[in-house]
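Engineer: What follows is the residue order along each chain.
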Amino acid sequence: GAVVSQHPSRVICKSGTSVKIECRSLDFQATTMFWYRQFPKQSLMLMATSNEGSKATYEQGVEKDKFLINHASLTLSTLTVTSAHPEDSSFYICSAPRGGLYYEQYFGPGTRLTVT
Amino acid sequence: AQSVSQHNHHVILSEAASLELGCNYSYGGTVNLFWYVQYPGQHLQLLLKYFSGDPLVKGIKGFEAEFIKSKFSFNLRKPSVQWSDTAEYFCAVNAGGNTGKLIFGQGTTLQVKP
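Heads up: the sequence lines are chains A and B, in that order.
Numbers given in the numbering used here equal positions in the first sequence, counted from 1, plus 138.
Numbers given in the numbering used here equal positions in the second sequence, counted from 1, plus 50.
No lab work stands behind these hints: they were computed from the structure.
Only a predicted model underlies this, so the values are computations on that prediction, with no experimental measurement involved.
It is possible that some hints are incorrect.
For lysine-lysine, the following DSBU-like pairs were computed, each having C-alpha atoms within a straight-line distance of at most 35 Å [what the hints assert, rightly or not]:
| id | chain 1 | residue 1 | chain 2 | residue 2 |
| --- | --- | --- | --- | --- |
| 1 | A | 202 | B | 111 |
| 2 | A | 202 | A | 179 |
| 3 | B | 151 | A | 202 |
| 4 | B | 151 | A | 193 |
Just some of the chain B residues that point at chain A, by a computed CB distance under 7 Å [to be verified]:
| id | residue |
| --- | --- |
| 5 | 89 |
| 6 | 90 |
| 7 | 94 |
| 8 | 151 |
| 9 | 156 |
| 10 | 157 |
| 11 | 161 |
With the Cβ distance kept under 7 Å, some of the chain B side facing chain A (calculated, not the full set) [what the hints assert, rightly or not]:
| id | residue |
| --- | --- |
| 12 | 93 |
| 13 | 122 |
| 14 | 150 |
The C-beta atom is built at its ideal place from N, Cα and C for all residues, glycine as well.
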């Protein structure tokens, strides 16, 4: 089946530094990918839609300058958390729809970010 | 704004018991509905989905869900749970066009005792 990977699975960084998280579709191409954030014991919250070859679309309340998204190829989207602070600590998950099936999404395993 | 509500946050059952997890959404237009499962240490996987047609949909591993439009509900059911069903269950809605955006419920933790 379709597989979406994320790297790294866990990252610890110091406050003020930037962290890049990669999301890859391993056996299919994805012109669109989605980034979610999940707080402990809470649901997934959609942060942004990553579009290959164009700017990402951010959900209301998500700072585009803080969460930089780059969709450089049909199999890779990156999320960079800039000038990270402890409140950015969270579980970040990406997803990608396969082919034209916008309603059949495959999720990555997530990245646990801890900012100290 | 669209929202999804899951009524049960933590459910504990014994093996062979029946399961029903509630899910309600708020959106007046056409919706696509999903149930995802997240086993411990694994990524989210699709259990089943509803797009149109028969409101009773069957998914993997013996799960099914019924879409009741008048109640804005999409409850998940399984007649007899197994220990391996222990996981986190998420209801999700895609509404408002071909965007692929999913709105998730809060999730329900299911613990099945052997």
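Engineer: Does residue 89 of chain B meet its interface restraint, that is, does its C-beta lie within less than 7 Å of any C-beta in chain A?
Structural biologist: violated, 11 Å
Engineer: With 7 Å as the cut and Cβ atoms as the points, is residue 90 of chain B at the interface with chain A?
Structural biologist: violated, 12 Å
Engineer: At a threshold of 7 Å, is the proposed contact between residue 157 of chain B and chain A supported by beta-carbon distances?
Structural biologist: It holds, given that the least Cβ distance between residue 157 of chain B and chain A is near 6 Å, below 7 Å.
Engineer: Should the hint that residue 151 of chain B touches chain A count as held when the rule is a Cβ pair under 7 Å?
Structural biologist: holds, 6 Å
Engineer: Does residue 151 of chain B pair with residue 193 of chain A here, judged by a C-alpha cut-off of 35 Å?
Structural biologist: holds, 16 Å
Engineer: Checking one constraint from the list: CA of residue 151 of chain B to CA of residue 202 of chain A, max 35 Å. Satisfied?
Structural biologist: holds, 18 Å
Engineer: How about residue 122 of chain B: closest beta carbon in chain A under 7 Å, or not?
Structural biologist: violated, 18 Å
Engineer: Does residue 150 of chain B hold up as a contact with chain A if the rule is Cβ-Cβ below 7 Å?
Structural biologist: holds, 4 Å
Engineer: Is the shortest C-beta separation between residue 156 of chain B and chain A less than 7 Å?
Structural biologist: OK, holds: residue 156 of chain B within 7 Å of chain A, min 5 Å.
Engineer: Can you confirm whether the C-alpha distance between residue 202 of chain A and residue 179 of chain A stays at or below 35 Å?
Structural biologist: Since the Cα atoms of residue 202 of chain A and residue 179 of chain A sit roughly 25 Å apart, the hinted pair holds (cutoff 35 Å).
Engineer: Hold the hint about residue 161 of chain B up to the distance rule: shortest CB distance to chain A must be less than 7 Å.
Structural biologist: violated, 14 Å
Engineer: Compare the distance between the alpha carbons of residue 202 of chain A and residue 111 of chain B with 35 Å, and conclude whether the hinted pair is satisfied.
Structural biologist: violated, 40 Å
Checked against the numbered hints above, the structure violates hints 1, 5, 6, 11, 13; every other hint is satisfied.
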